[in-house]
Amino acid sequence: MESDTVILVVEDDIILKKLLSRAFADQYNMLYANNGAEALALLDTQTPTLILLDLLMPDMDGFTFLEKVRARNDAVKSTPIIVVSNLGQQKDIDRVKALGVSAYLVKAEVSIDEITAKINEVLSTLPAK
Amino acid sequence: MRQKPRTDLGDAEAGWYATHMKLRNTLLIILGSFAVVGYGAALLFFRLLVATDPATPESALLNLLIFATLFLGLIALLAFLFFRLVGVPIRNLTTAMNAFAKQGVRVPIKISRLTPREIRMLIVTFVDLSERVEHSHARDTEISHVKSDFITTAAHQLRTPLTGIRWALEALEKSDTVSEEQRALIENAAEKSHQLVSIVGTLLNMSSIESGKHQYHFEAVDMPAFLKTVVADFDHMARERSVTLSYKENPHALPPVRADREQVRWVLNNIIENAIRYTPSGGSVTAWADMRDSLTLCVHVRDTGIGIPETDRSGIFERFYRASNAVSKENAGNGLGLYIARTIAADHGGDLSFSANDTKVGTTFTLSLPVAG
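First to last, the protein sequences are chains A and B.
The numbering of the first sequence is the numbering used here, which starts it at 1 and goes up by one.
The numbering of the second sequence is the numbering used here, which starts it at 1 and goes up by one.
Simulated from the structure, these hints should not be mistaken for lab results.
One or more hints might be untrue.
To be verified - Some, not all, of what chain A presents toward chain B, calculated at C-beta under 8 angstroms: (1) L19; (2) R22; (3) Q90; (4) I93; (5) S111; (6) I112.
As the list claims (entries may be wrong) - Calculated pairs, PhoX-like style, for lysine-lysine (alpha carbon to alpha carbon, straight line, at most 25 angstroms): (7) K174(B) to K17(A); (8) K97(A) to K213(B); (9) K213(B) to K91(A); (10) K174(B) to K192(B); (11) K91(A) to K118(A); (12) K91(A) to K68(A); (13) K91(A) to K77(A); (14) K118(A) to K68(A); (15) K174(B) to K18(A); (16) K17(A) to K192(B); (17) K22(B) to K110(B); (18) K118(A) to K174(B); (19) K102(B) to K174(B); (20) K360(B) to K248(B); (21) K192(B) to K18(A); (22) K97(A) to K68(A); (23) K228(B) to K248(B); (24) K118(A) to K17(A); (25) K118(A) to K77(A); (26) K97(A) to K77(A); (27) K18(A) to K91(A).
To be verified - Covered stretches of chain A, going by a simulated chain B footprint (3 or more residues, C-beta under 8 angstroms): (28) 10-16; (29) 81-89; (30) 100-110.
Source: prediction; values computed, not measured.
Quick reminder that beta carbons are idealized off the backbone N, C-alpha and C, glycines included.
The task is simple: from the sequences and hints, build the whole structure.
Here is the structure:
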């Protein structure tokens, strides 16, 4: 168990959140937020290693959350973020890439294994603590 | 110097032109007035000189001249009035129509109390017409936005439960307590859910491309290398169906083409998948690239499949069209692929076509793309 790695999952769908956590909970420390606002609140006290971000959520969507994170002035600002969303249009991808994300995965088109592989890939590029 | 009336004026030019014209006209009017007055004075002078004897031929000639002058003067006056009352408003109307037609700009048209009623009606009718056109255009734009929002929302709404199904089945597949029979059922369900996801993606893509507003990301692409990787993706599928899939390398280096990688990949995926799908086991599918001419690169995919019947050939690129020998439970296509593929090819400035092989077995599809730069 990577005791240092904390993954924040920002996702409003309960079932999907459950399925994701099933796959990762053994390997990593997990944090969950239902939307952008909750996630921001969490960031006040925690600094996750990686964030899995959905885009369409109530209260504060993924785009706004991403903007706010990248506008910060602390360590959280450059947290690697993998967008996992069912929005797949080029304009959404462009909008998100302009703010800086490690990857954009369309939920319906990837398996959980592929998400795990991408997480490992991004984690391996991080500088050693 | 005679200037031809300009019909394609830009704003600044139109301004300069109008001022220039006004100046010229004013000068002409002033000079003309002087000439007329001078002429009139000369006539009057000579009239007075020969006033005493009305019977002489000079006198009759002079009377004729004065009469003719007055007559011509009247004609000139009428022509001038016509020009001012009819010609000018019509010219203003034409300028306004031109501005609206070419730039969509509404220019106010001056109407005075003296403008004849018919001309005024013409101008009012034009103003009404242009308002209607503007309104209709605004509505079309709005509808287009609403439609694209709907498609985006619908796609998202469809994908979310599909994701749930897919991931749940994957988790189930990994479980140890599943029997062989159950595993087969799970795999079947998973495959169907993948198909649904693929259809949603196709519909979304199609709607975007059909709207004509799809934003392509064109770049210079090395097509032989690209084609090779795309073909490699289908190795597994070909092997499963016992079809020999091969890529033939071109001995010459081919120039890069101007293409949107994602869309061209989609087209190639479609053609190659079709080729494999409709070729019975033991058959072969070959892909290669060559130049049709110095400006066009062609990608060919040749199969030894069931071919496309004569009667279906003209319709094969139409939406929802499936050839008579293609519709079977096994080949559950949706008839949209070739339609979109052809549209993408056309949007690239190329084309998608096919022909029956000269060996009488199978078909060769050809995608042509323009060379970059």
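A quick look at each hint next to the structure:
{"no.": "1", "hint": "L19", "result": "holds (4 angstroms)"}
{"no.": "2", "hint": "R22", "result": "holds (6 angstroms)"}
{"no.": "3", "hint": "Q90", "result": "holds (6 angstroms)"}
{"no.": "4", "hint": "I93", "result": "violated (10 angstroms)"}
{"no.": "5", "hint": "S111", "result": "holds (6 angstroms)"}
{"no.": "6", "hint": "I112", "result": "holds (6 angstroms)"}
{"no.": "7", "hint": "K174(B) to K17(A)", "result": "holds (18 angstroms)"}
{"no.": "8", "hint": "K97(A) to K213(B)", "result": "holds (21 angstroms)"}
{"no.": "9", "hint": "K213(B) to K91(A)", "result": "holds (12 angstroms)"}
{"no.": "10", "hint": "K174(B) to K192(B)", "result": "holds (18 angstroms)"}
{"no.": "11", "hint": "K91(A) to K118(A)", "result": "holds (22 angstroms)"}
{"no.": "12", "hint": "K91(A) to K68(A)", "result": "holds (19 angstroms)"}
{"no.": "13", "hint": "K91(A) to K77(A)", "result": "holds (23 angstroms)"}
{"no.": "14", "hint": "K118(A) to K68(A)", "result": "holds (24 angstroms)"}
{"no.": "15", "hint": "K174(B) to K18(A)", "result": "holds (16 angstroms)"}
{"no.": "16", "hint": "K17(A) to K192(B)", "result": "holds (23 angstroms)"}
{"no.": "17", "hint": "K22(B) to K110(B)", "result": "holds (16 angstroms)"}
{"no.": "18", "hint": "K118(A) to K174(B)", "result": "holds (19 angstroms)"}
{"no.": "19", "hint": "K102(B) to K174(B)", "result": "violated (64 angstroms)"}
{"no.": "20", "hint": "K360(B) to K248(B)", "result": "holds (21 angstroms)"}
{"no.": "21", "hint": "K192(B) to K18(A)", "result": "holds (23 angstroms)"}
{"no.": "22", "hint": "K97(A) to K68(A)", "result": "holds (15 angstroms)"}
{"no.": "23", "hint": "K228(B) to K248(B)", "result": "holds (9 angstroms)"}
{"no.": "24", "hint": "K118(A) to K17(A)", "result": "holds (17 angstroms)"}
{"no.": "25", "hint": "K118(A) to K77(A)", "result": "holds (21 angstroms)"}
{"no.": "26", "hint": "K97(A) to K77(A)", "result": "holds (15 angstroms)"}
{"no.": "27", "hint": "K18(A) to K91(A)", "result": "violated (29 angstroms)"}
{"no.": "28", "hint": "10-16", "result": "holds (count 3)"}
{"no.": "29", "hint": "81-89", "result": "holds (count 4)"}
{"no.": "30", "hint": "100-110", "result": "holds (count 4)"}
This entry does not satisfy hints 4, 19 and 27, going by the numbered hints stated previously.
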